[in-house]
Amino acid sequence: MVSIDVWNASVDFPIFDAKTRSLKKAVLGKVGGKIGTDSRVPIIEALHDITLSIKEGDRVGLVGHNGAGKSTLLRLLAGIYEPTRGAARTVGKVAPVFDLGVGMDPEISGYENILIRGLYLGMTRKQMQKRVDDIGEFTELGDYLSMPLRTYSTGMRVRLALGVVTSIDPEILLLDEGIGAVDASFLDKARDRLVDLVKRSGLLVFASHQDELLFELCKSAIWMDEGHIVQQGTLRDVIGSYKGKDPFANMSKEALERIGESPVLTTKSGEVP
Amino acid sequence: MQATSTQPREADEPSAPDPPPWSSRSWARARADIREGIRRRELWSHLGWQDIKQKYRRSVLGPLWITIATGAMVMGLSIIYSQLFGQELEYFIPYLTAGFIIWQFILNCVTEGAETFIANEGVMKHLPAPLTVYVLRTIWRQCLMLAHNAIIYVIIIAIFFWALNPQYYMVENPTPEDTLMPGINVQVLLAVPAFFLLLVNATWVVLLLGIVSTRFRDIPQLINSLTQLAFYLTPIVWSPDLLGKTGKGLSHFVVQFNPLYHFVNILRAPLIGQRVELLNWIVVIGFAVLGWTLALFVMRNYRARVSYWV
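Chains A and B, in that order, are what the protein sequence lines are. FYI, this note's numbering numbers position 220 of the first sequence as 220, with every residue one higher than the one before it. Just so we're on the same page, this note's numbering is the position in the second sequence counted from 1, plus 1000.
Read the hints as simulated data drawn from the structure, not as lab findings. It is possible that part of the hints are untrue.
To be verified - Below, computed lysine to any residue pairings styled on SDA-like, alpha-carbon distance capped at 20 Å: (1) A:Lys93 - B:Arg1035; (2) A:Lys189 - A:Lys126; (3) A:Lys93 - B:Gln1050; (4) A:Lys93 - A:Met147; (5) A:Lys93 - A:Glu82; (6) B:Lys1053 - A:Pro106; (7) A:Lys55 - A:Pro106; (8) B:Lys1125 - A:Glu140; (9) B:Lys1055 - A:Met147; (10) B:Lys1125 - A:Ser71; (11) B:Lys1053 - A:Tyr111; (12) B:Lys1053 - B:Ile1151; (13) A:Lys245 - A:Glu212; (14) B:Lys1055 - A:Ser109; (15) A:Lys126 - B:Gln1050; (16) B:Lys1053 - B:Lys1125; (17) B:Lys1125 - A:Glu82; (18) B:Lys1055 - B:Lys1125; (19) A:Lys126 - B:Lys1055; (20) B:Lys1053 - A:Gln127; (21) A:Lys93 - A:Gln127; (22) B:Lys1125 - A:Met147.
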């Protein structure tokens, strides 16, 4: 059974090279996690007392300001950071798509990058070789796959990364905001594949600032601020209180139709009108 | 819009399971990391080979440059130091070649081992993988370098095979037991367990230095500043019997108390038809046991901290 459970988890980063003189400014600043000053080494409390439980089939959006802890939370869920306090358990095959510039080697070809990424995600070389054609077709990169990755645009890199993670049947998909860089037609294709994946067996956590993307991919949401969870609930509720207005008010009719939502403002609890 | 049952639940709802007894500092997790790391052989072997290909990308000769560079170094050093120390070239070249190649392997394991996690900072923060994967990637890269350098050794031995016969003695009135250079015979097979022991040691060195250096960034600098000194303190471009003539005490101290000597000699001796001293085996095995104990302890306590430190 695929699941993510986090119990009162905190993530504190020691910052060894920060000098204390700038601390006052940082503590008073509005952006970023809280910075502790009691110890000699400054500590950034990137996540504080996070408790959540995500089950199979869930599609969760993460919203919040820059530095609210969204990416750190994704990394906690991926198992890259183990909580400094509290506990976290992730059951299932994890496929993260975080910063797209990293984890890919710009000097080697798209094919090679597909292979390496697949190996990182726990596939064997043979399994990846079988999938390369499928990925090439899905990403529409064609002959570009034999070019070094440095010749790719950001959108093309996103295509590649999404092509890999969606082809390997992952159970837990963790997406950071970067995937907004692809064009609309590819996004349609990717969305179908992602939703399909989650339906089959899995869950999705997606951090983004783009409401439309969130509504395309997610059902529920978590609002993060300064390393805390402010609100968990349905996507519409959370976005509503995060932005202070109904998220559907400004959306185009087409977009609403595509995500199967009614433009009519419903009751606060989000019942079917 | 419908209220969906798939939203994240509050922890105090009955559906949420109780937190498991959690500690990042456990032997089980350290063991699991190592086991899983070894299992992902395809990943680290591919990355290790990729590192080498990457370094020589777009050069015509490619990784063959490793062989060429070592070859040039070995020939140059052999000629200079054989003249300086009055050594006969046909013994000295194989001696220096084998020693230098092994030294390069050990040195790179230490210097690049200290950078193992620092160098992989980017990918470590973006793709989850056991720490051991990066350790084995570094080790495997060194093995591939060693394989390229071994070409030089094979060529040199083929040329000077005739010269490596028993003529070298450290004592006066030698008995057969004192034969230091029995020549290249079946004892060359001792190189296999010797190399295995070097690998076992290299792994704990990379693991331990990698973790500690990630936290204390002075350590890689410290190591780099000492490598030249270590090279000249270790009998590579000179042989211990040179010291034996002038001062037995100094020879004893510099050579026997220098662990690097034992690490070099345990593999060099069988490769050039010399007798491996029992002390070599004892020291190298002792370091393996001690080092792994220490490395496992550090692994248990600080494994989960590495991604915070990089």
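For each hint, the structure was consulted:
no. : hint                  : verdict
1   : A:Lys93 - B:Arg1035   : 17 Å, holds
2   : A:Lys189 - A:Lys126   : 26 Å, violated
3   : A:Lys93 - B:Gln1050   : 25 Å, violated
4   : A:Lys93 - A:Met147    : 30 Å, violated
5   : A:Lys93 - A:Glu82     : 17 Å, holds
6   : B:Lys1053 - A:Pro106  : 14 Å, holds
7   : A:Lys55 - A:Pro106    : 36 Å, violated
8   : B:Lys1125 - A:Glu140  : 28 Å, violated
9   : B:Lys1055 - A:Met147  : 18 Å, holds
10  : B:Lys1125 - A:Ser71   : 10 Å, holds
11  : B:Lys1053 - A:Tyr111  : 15 Å, holds
12  : B:Lys1053 - B:Ile1151 : 18 Å, holds
13  : A:Lys245 - A:Glu212   : 15 Å, holds
14  : B:Lys1055 - A:Ser109  : 15 Å, holds
15  : A:Lys126 - B:Gln1050  : 18 Å, holds
16  : B:Lys1053 - B:Lys1125 : 24 Å, violated
17  : B:Lys1125 - A:Glu82   : 12 Å, holds
18  : B:Lys1055 - B:Lys1125 : 23 Å, violated
19  : A:Lys126 - B:Lys1055  : 26 Å, violated
20  : B:Lys1053 - A:Gln127  : 23 Å, violated
21  : A:Lys93 - A:Gln127    : 15 Å, holds
22  : B:Lys1125 - A:Met147  : 26 Å, violated
Consistency note: the structure conflicts with the earlier hints numbered 2, 3, 4, 7, 8, 16, 18, 19, 20 and 22.
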